[in-house]
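Chains as they are written, first to last, in numbering that gives the first Met the number 0: chain A, 0 to 372; chain B, 0 to 372; chain C, 0 to 372; chain D, 0 to 372.
Just to be clear, a hint being listed does not mean it is correct.
The list treats identical chains as one, so a pair stands whether inside a single copy or across any two.
To be verified - Cross-link-like lysine-lysine pairs, in silico, DSBU-like; alpha carbons within 30 Å at most:
| hint | residue 1 | residue 2 |
| --- | --- | --- |
| 1 | 216 | 153 |
| 2 | 67 | 212 |
| 3 | 188 | 212 |
| 4 | 212 | 331 |
| 5 | 216 | 97 |
| 6 | 97 | 16 |
Keep in mind that the hints were calculated from the coordinates and are not lab data.
Since the model is a prediction, treat every value here as computed from it, not as a measurement.
Protein chains: 4
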Amino acid sequence: MILILEPNARPESVDFKALTGQLDRLPGIDYRVHREVGAEVTLTEIYLIGDTGALTVEQMQVLPCVEKVVRVSETYRVLGRHKHGDDRPSSFEYNGVKFGQDTLQVFAGLCAVDSPESADAMMHALKEHGQVCTRMGAYKPRTSPYAFQGFGAKCLPYVFELAGKYGIKVIAMEVTHESHVDEIRAALKATGNPTGVMLQIGTRNTQNFELLKLVGKQQEFPVLIKRGFGITLDESLNAAEYLASEGNRKVVLCLRGMKTNMGDPHRNFVDFAHVPVVKRLTRMPVCIDPSHSVGMRSVAPDGVLDLFHVAAQGVVAGANMVLIDFHPEPAKALVDGPQALLLSELAHFLEDIALSRETYLRRTALGIKHRAN
Amino acid sequence: MILILEPNARPESVDFKALTGQLDRLPGIDYRVHREVGAEVTLTEIYLIGDTGALTVEQMQVLPCVEKVVRVSETYRVLGRHKHGDDRPSSFEYNGVKFGQDTLQVFAGLCAVDSPESADAMMHALKEHGQVCTRMGAYKPRTSPYAFQGFGAKCLPYVFELAGKYGIKVIAMEVTHESHVDEIRAALKATGNPTGVMLQIGTRNTQNFELLKLVGKQQEFPVLIKRGFGITLDESLNAAEYLASEGNRKVVLCLRGMKTNMGDPHRNFVDFAHVPVVKRLTRMPVCIDPSHSVGMRSVAPDGVLDLFHVAAQGVVAGANMVLIDFHPEPAKALVDGPQALLLSELAHFLEDIALSRETYLRRTALGIKHRAN
Amino acid sequence: MILILEPNARPESVDFKALTGQLDRLPGIDYRVHREVGAEVTLTEIYLIGDTGALTVEQMQVLPCVEKVVRVSETYRVLGRHKHGDDRPSSFEYNGVKFGQDTLQVFAGLCAVDSPESADAMMHALKEHGQVCTRMGAYKPRTSPYAFQGFGAKCLPYVFELAGKYGIKVIAMEVTHESHVDEIRAALKATGNPTGVMLQIGTRNTQNFELLKLVGKQQEFPVLIKRGFGITLDESLNAAEYLASEGNRKVVLCLRGMKTNMGDPHRNFVDFAHVPVVKRLTRMPVCIDPSHSVGMRSVAPDGVLDLFHVAAQGVVAGANMVLIDFHPEPAKALVDGPQALLLSELAHFLEDIALSRETYLRRTALGIKHRAN
Amino acid sequence: MILILEPNARPESVDFKALTGQLDRLPGIDYRVHREVGAEVTLTEIYLIGDTGALTVEQMQVLPCVEKVVRVSETYRVLGRHKHGDDRPSSFEYNGVKFGQDTLQVFAGLCAVDSPESADAMMHALKEHGQVCTRMGAYKPRTSPYAFQGFGAKCLPYVFELAGKYGIKVIAMEVTHESHVDEIRAALKATGNPTGVMLQIGTRNTQNFELLKLVGKQQEFPVLIKRGFGITLDESLNAAEYLASEGNRKVVLCLRGMKTNMGDPHRNFVDFAHVPVVKRLTRMPVCIDPSHSVGMRSVAPDGVLDLFHVAAQGVVAGANMVLIDFHPEPAKALVDGPQALLLSELAHFLEDIALSRETYLRRTALGIKHRAN
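Using the sequences plus the hints, can you model the full thing?
Printed below as a string of C-alpha cells:
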C-alpha cells in the first residue's frame, strides 16, 4: 500500500508527525518514506510494508497529509509495466549519456583495474574509437577469501583522472558495500568530478537487500543491477524494485548468464533470449554482459569468437547496453583474463555490434505488430 | 578401437568369419560391424566396444582382413572435429536440399498434423513463399498417457500426397519407435515417393539408444536429433554419435531450449548461444527450434514476438536450419497451439530470418580471424 | 475420458465392433482398449485420448457395451491417490515376494553381469544372508556408443540357472527395448523358470513412451520404473501411469538421484526426501537406489560410507525397496565399479538397513496423526 | 600464502611497520592481518591475497617479524580437513552449549518474531521440554521490497528478556547487515546479557562477502552460515572460510535445501545427503533446516509430516544441529506460517529426533570402518 502525500508535505510539520505516529501504532506494519525533491515541488510517498491486507483504503485516506492511497496489487510497482498509469519516465540521461529501452551504449573496459598503465591503455583506445563509456572494476567479490579482491579505493584517483583526460563520461563500477559509494563520491570530488559513475550491483549481491536499500536511497548515481545467477527472473526484478522503491529509478538490469551447470559449455548459460522479456515486464533498459556469460575466448569454425556471437545475439534482439571486458595484456590480468578481448579487437567488436544494432532497427521497422496469443 | 578392414572385405568370406570368431572370444569386448556400400568399393569398419584398454594395436593388426587399427581416443569419433584426419564430408545433400555448417534451411510447418485441411493450407502457404521444406508431426510423444498422441500412420498418405502437390522436398518428421520408420517408408512408396523425409528424434528420446541404433542403421533418411533438455551437451553429442557409429552420417543436431526451470520466463531456457559451440565441437549442421524453446506468443514492447527475436538470435550466430511451428488456426491446434505462428506471419518471418542471415554473412566477412586464448 | 464396458464385453461381438466403429469416427480422438482377464469376469475399459473436452458423458453413455463413463479429471488416474474410489489394490505379491507401501525389500546385486563367476559369488553371498531378491544388469544403456553395453541375452541362461540354484525369487533387470522382454521370457522358459524377473526401466528411458506402452501391455512381469533424472516428479509419475494405463499395475517407482549439476558432491543429487511425497501422490511402493545416487565410495569422518548414510535416510522415511550395487571385485567391474560395495560389507549393510527400518516403524508408531496445513 | 609472525608481534612496533611497508609495495598483492589475542600470548597471522604465485617462501621468510611462511595450497585453509596439521579445534562451547561434529542441538523457535506473546508462548514451551536453544527472527530478508521485513531492533529487548526468564542460553538470529550485530550487542547489554546469540547468515547473503568479513572479524558470537541455495557446495564452504579467515572459527554450516526448481515437490530440494559430505570436507558442525527445505505441512500416508521425515533423515546421518520453525498460531504468522509446526507437536518432534539420533549412534557403533575406493 502506498500513501501519496500532499505536495510539499514536510517531515518536520505537525501533521506529518501525527501521520507517522499513527503508522507506528499499526500492528505488523512497517513503512518507508520516499521523497523526490524537485525544483518546484517535492513529492512524498510512504510505502507501507507488511500485512496490509487488513487495512482499508478508506481508513488510510483520512490520515493527515495523505492525498491518495494506492493498493499495490501489481508486481514491480515502480519499474514494471502496468495496464494503467505508466506515467513515470522509462528512460534517463546521465552525464550526457542516454539510457532507455530504445538506445544502445557500449561499456568496454577492464574487469579489474590492475595498474594505471592498463587503465590508460584501455581509455586511450576507447577515445580513439569515439567511446565515452567504460567499465572499471575496483571492488571485486571473489569466491575464495584468499583471492585478489581488487585495489578498491586506492585505484580510484588515477582511474577518475584518466577518465577525465580521455573524455569518459560514465564508468560502470561495482560496489559490494555502501562504504564504497562514499569512497567513490569522495574520490570524484577530490579529482574535480571529471567523470560520472554508474554503480554496479554484482550477481552475488542481487539479493543483498540492505545494500540495495542503501544504494537505492542515493539518487546521485544511476545503478546497474545484475541478474542473480541462481534465482528466478522474477526475484531479480524484485531486487531491482528494491532500488526503485527507495527512490532511485535510474536502474538498468544486466543479463550476465545463469548458473545452470547443466554441463554448460560456456562459463554460464547465456540468457540473452530474456532481453525482450525484461523489456516486456519492466521499463528498464536491458544490459548484456557477454564476457561473464561466455567466460572464455573460444572461436567458432567461422573464425568468430563466441563472445562476438553472443553479443550479436543480445543486440539483434534489442539490448540497450553492452558490458564487455578488454585488457591490454589478458595473460597478465589479475581477474578473468581468459575472457578478455584484446585492444586490437575493439574496432572489430564495435563494427560487429553496429551491424547487429542496424539489423535490430531494420527488423523492428518491418512494421508488423504482432498480437500475443 | 576401430578395425578398418581391407576394401571389399566380405562378411561371408572365410577370413571374415575367422576374424569375427576371434573377436567373439575377446573377454568383455563387444563389437559392431559398419559397412558403407559404394558404387566401386565397399568399406567395412568394426567398432570394438567395451574395455579395450588391454588390447594392443599390434595384436589386432595381425587379425585376418584387418588393414588398419585406430584407437578411439577422441570423443565423437565420427561426427567430431579432430586435430587430424577430418577427411569425412561435413555436409550432405538430400533430395536436392543442402545441409551443412554453411547453409540455412527453414522448416516451417505443423507441430502436429490434425487434418488434411491444415496440412493443405500450410503447404500451400509454403509454396507461395518459395519454401521446399516443412515439418509435419505425425507421432507425438506426450507427458500424459491420456493426451492426444498424433494421428500416426493414418495421416501419412495425405501428408505425402500434399507434399508432392506443393513441391515439398523434405519433411522433418519425428519418430518415437523404429516401426514408424517402416510406416513412413511404406507410405512414401505407396504414394510414389513424392517427397523426402528427415527423421526426427525428439528430446525425450535423445538417450533412447536402441532407437538411435536402429535409426542409425538405415541410411535412406537423414536424421535430425534434438538435444536432450535435461542432459549435458556432451551427452547429446554422444547420442548423435550413436547414429553415426551405426553408419548414418547425415545427422543434424537441433537446439530446442533446455529445461532448467530456474523460473524460466519462456517454456524452456533458450540455448542458441550454443550454435557456435556445436559447430566447434562437431561438423554437424545446427538447427534451432524457436517454437519449443519459447513456447508462447509473447510480444516485446517493440512489437516483435519473442519467437522472432530468438530465431534472429540463432541465425545471426550461424544456425543452419530453423524448425518453426505454424498453424492455420492455432486455437484449434491439438498440440502446442499457443506457440504456433499464423500463416499471415510467414512472409514476415522469412523476411526477418533473411535479414539476420544476411547480417551473419556480413559479420563473418569482416575478415578478422580470432585466435582463442 | 474412460468408458467402462459391461462385464465380459467381447471384442469380437457385433456390439463391440459397433462401438469401436463409432469411436473411429470421432474427430481428434484416439483410444486404447485395456482388458483385465480374471478367472470369472473380464473387465474392459477404453481410454479415450485427445481433445475429449467437446464430448459429453451423456453422449458416450448411450454407445453400445458402455456401462459407465468416467471423466478423467485427476492426474495419475490409475496409480494416483484420489479422494474418491481408490478401490484398486495398492500392493502386490510376485513369486512369493510382497511389494507395497508398507513392506521393505532389499535388492543387492550386480550393476552389470560380467561373468558367471561374479554372478555366482554374488548370489552365494545373498543366500548366506537370507536374501531372495537381487539385481542383475544384462542390458546397459551407456552415454557413449563405444562403451561396453552389457552381455545382453548371452548372460541370461547362467544368471537364471544360478538364481534357481541359490533360491533367488526376483531379479530386477533393466530392459532398453521390448525385444529384451522376449529374450528374458525365452531364457526363463529355457531354464525352466527357476526365478522371477522385475523389469526395470532406466532413467534415460523414463519418457520412452513406446517402450513404456509395450512393457505396460504385458502383465507377466512387474515393473520398476526409475524417475527421470532431468524431468519433474510429475512427469515421472505420468510415465509410470503409462505402464498402468496399458494394464500393468504392478509398478514400483525408483528414486535414484537427480541430475541438478549444482556442483553436486555426489554423482547425483540424492532425492530420498521424496519418498513420502511419492507415497502421498500415488499408491506405488517406492524404491531407492543409493548406488546411482551417490556414485562413489566416500567415507564420512564417522567411518560410515555415504552410501550407507543415504540408504538409511531413505529407509528411515519409509522406503519400500532398496536397489544396491555390490561386486566381488569392484576394481574389475566393467560398469560403475567405483560405487559398488564389497561382499564383505553385505552383512553390515543389511544390519544397518534393519536398524533404520526398525526406527521407521517406531517413528510411525509414535501415534500422533498430523493434519496438513 | 600465510605469514605466521613471531609470538606477541605488536602492530605498533617498528619491525611490524617495516613489514607492512614492504607488503604494501608488492605488486598485485593485498593482505589481511588476523590477530588472536590470548591470555598469555597473542598470535598474529597475515594472509597475503592475490597473485602470490610469483613470491617465494624464502623471500618472505626473511621479512621482519615473520616466523614461518605457509603456502596455502589447500582449500578451506582454516575450516577444512587436511592431510597434515588439523591441530585447530573442531568444536566449541558457547554459553554452556556444545557444538561439534559429535553433538546434536535442536533450535526450535519462531521464523519471525511477531509479538511478545508468541515469543513468550514459544519459549515457555521450550522450557517445559528442557530446551535451552531457540531461533528467533528479527531481521527478515524478503524477495519483495513491499513485504514485511521483521521487527528488527524493536523486538530485541523483549526477546532477550524472555530468553532470560525461560533459561534460553543460545538464540540463533539472522543478521543482514553489520549494524544488526551492533544492535544485538547493545540490546543484550541493555537487558543484562540474559542469553547468548548465534549470528545467522541467510542463504541470500552466503556470498555477501563484505558482511562475512565484518561478522568474521568479531569473535564474540558464533556464526551459523546457511548454504547458498543456488551455488555449489564448494562456493558455500569458501563463504564459511571467509568468516574463519577473519578470525571467527566458531562456525556452523547449515543445509537448508537447494533451489533446483526441477519441479521440486517441496519448497526446496532437500540436501541432507550432504551432511556426511560437509563433515568430510570440513571440521564444521552441520546444521539442517527442515522448515525451509520442505516449506509446507504435507503429511505422508503413514500419518507423519514430511517435515518430520526429512528431519529424521538429517539426524540419522549425523546432523549436529536442527533449526525448526514453530508458531503458536501458524495462521497468524507474518512470515512462512505454512511451514511452522504447532506447539502441541513439539514433544513429538523432540521424541522423533531422539529416536533418529539414537539410531545414528547405534549405526556408527556397528564398528566396521570402511575404506574409500
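Hint-by-hint comparison with the structure:
no. : hint        : verdict
1   : 216 <-> 153 : both (25 Å within a copy, 22 Å between copies)
2   : 67 <-> 212  : within (25 Å within a copy, 44 Å between copies)
3   : 188 <-> 212 : both (24 Å within a copy, 28 Å between copies)
4   : 212 <-> 331 : between (36 Å within a copy, 28 Å between copies)
5   : 216 <-> 97  : within (22 Å within a copy, 42 Å between copies)
6   : 97 <-> 16   : neither (39 Å within a copy, 49 Å between copies)
Violated hints amount to a single one, hint 6; each of the other numbered hints is respected by the structure.
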